[in-house]
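Since the structure of chain Y is provided, determine the placement of chain E on it from the hints.
Protein chains: 2
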Amino acid sequence: MQRSLKTPRTTLKRTHERGAYEREEVYGVLDAGLFCHVGYVDDGQPLVTPTAYWRLGDELVIHGSSASRMVRVLAAGAAACVTVTHVDGLVMARSAFHHSVNFRSVMVLGKARPVENPDEKITKLKGLIERITPGRWALLRPHTEQEIKATAVLVFAIDEASAKIRTGPPIDDEEDYGLPIWAGVVPLAQRPGTPTPCPRLDRDMAVPDHIVALTID
Amino acid sequence: MQRSLKTPRTTLKRTHERGAYEREEVYGVLDAGLFCHVGYVDDGQPLVTPTAYWRLGDELVIHGSSASRMVRVLAAGAAACVTVTHVDGLVMARSAFHHSVNFRSVMVLGKARPVENPDEKITKLKGLIERITPGRWALLRPHTEQEIKATAVLVFAIDEASAKIRTGPPIDDEEDYGLPIWAGVVPLAQRPGTPTPCPRLDRDMAVPDHIVALTID
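First to last, the protein sequences are chains Y and E. Just so you know, my numbering puts the end of the first sequence at 220, numbered straight through with nothing missing. Just so you know, my numbering puts the end of the second sequence at 220, numbered straight through with nothing missing.
None of these hints come from the bench; they were simulated from the model. Take these hints with a grain of salt, some might be off.
One copy or two, either will do: identical chains are not told apart, so a pair holds if it fits within one copy or between any two.
[Stated by the list, open to error] In silico lysine-lysine, DSSO-like type, Cα no more than 30 angstroms apart, as pairs: (1) Lys16 / Lys124; (2) Lys16 / Lys129; (3) Lys16 / Lys152; (4) Lys114 / Lys167; (5) Lys114 / Lys16; (6) Lys152 / Lys167; (7) Lys152 / Lys124; (8) Lys129 / Lys152.
This is chain Y alone, in the form it adopts within the complex:
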């Protein structure tokens, strides 16, 4: 298994100091997120679909209704791009031009493998629940055969990818630093709020630890 995920197609041509191609760096960005945007082409039209993802070893996994357009196109072997983006801050500079964004993003290129084996499907789907809420899978109403059949699981081998990362304060033109203009970073983060119980839940049921402990990033 090669460590570097760099290929001509994933090599940053501009701002190359922001690029990273080692598995550890790419996986660090992937493991901080829950949602990706999947790009593919249907009938000549590029489409970008938001969906949940999770990483299991050297594979990135997504799922969907077997009847969905995205699943149909990807399962047929279409080329795809899976992009994960964390926006970490708005970078406010002294000139409009040097305004920027602190972010971490990853692009994974490849074709999906549809998981056909029901046991492998179940193992993969368990991975999603356990990635978000460790311990929850065992507490749920057991899945049915029909539910597994209706759910498509698609796997991307992570072989060709790049990460792109910007951090830090604004970089202004040297002669602009003395100007009386506020500059800095406004941090942004996606945070979980207070859980809202289902209206049909027994009112005395406590919020379980795996929900209380839920964090992102």
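This is chain E only, laid out in the frame that chain Y set:
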């Protein structure tokens, strides 16, 4: 100007009760966000690039370095899909199958028009700064001709689009509601934190109102 943005290509085939096609609905989702994912094809490979966007009237605007791959491909007239996604909550159900996500997303299909006129470019770029921090544009070091030249501005007419929205509690199988399994929604939101001043900023400079007031959504 037609009110509905529904076309055969933007019509939801499944979960159609979650689809919305009126301009007001689509604009509501667009105006709550700052970042989109742009899908396009370069040399047969779909690519998805995260970038800032803003809406001006019936147009969605993005910008980038004139030297970037995305700008080069889009300016040449490639078909594109711009997707905006807000993740509002993780929906925890009593079965793995009925777990879901509360979200608002919009897909805009079309081809970009590169803005060539420098005055139109400046007006559009001002729109980005003013959308995030009203009043800031006038306080910045004035832009230079070279900066405007180096910045590409691309405009999508919003003519073909759809919004997709899920809200509310988990929808479980009727016979599962009585099970002793915690179910509900964990809300998620992207929130700005405390601004970090640039290390080279005069320590006595107060954080201006347009930064303090910055909100998303």
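Hints, one by one, checked against the model:
Proximity of Lys16 to Lys124 under the C-alpha cut-off of 30 angstroms is restricted to the inter-copy arrangement: shortest distance 25 angstroms between copies versus 38 angstroms within a copy. For a Cα distance limit of 30 angstroms, the shortest separation of Lys16 from Lys129 across copies, 28 angstroms, qualifies, whereas the shortest one inside one copy, 39 angstroms, does not. In this homomeric assembly, Lys16 and Lys152 come within 30 angstroms of each other (Cα to Cα) only across copies, at 20 angstroms, whereas the closest approach inside a single copy is 43 angstroms. In this homomeric assembly, Lys114 and Lys167 come within 30 angstroms of each other (Cα to Cα) both inside a single copy, at 21 angstroms, and across copies, at 26 angstroms.
Both within a single protomer and between protomers do Lys114 and Lys16 lie at most 30 angstroms apart by alpha-carbon distance, with minima of 23 angstroms and 24 angstroms respectively. Taking the shortest Cα distances, Lys152 and Lys167 sit within 30 angstroms of each other only across copies (25 angstroms), while inside one copy they are farther apart (37 angstroms). Proximity of Lys152 and Lys124 under a CA criterion of 30 angstroms is satisfied intra-copy only: 9 angstroms inside one chain copy versus 51 angstroms between copies. Taking the shortest Cα distances, Lys129 and Lys152 sit within 30 angstroms of each other inside one copy (15 angstroms), while across copies they are farther apart (51 angstroms).
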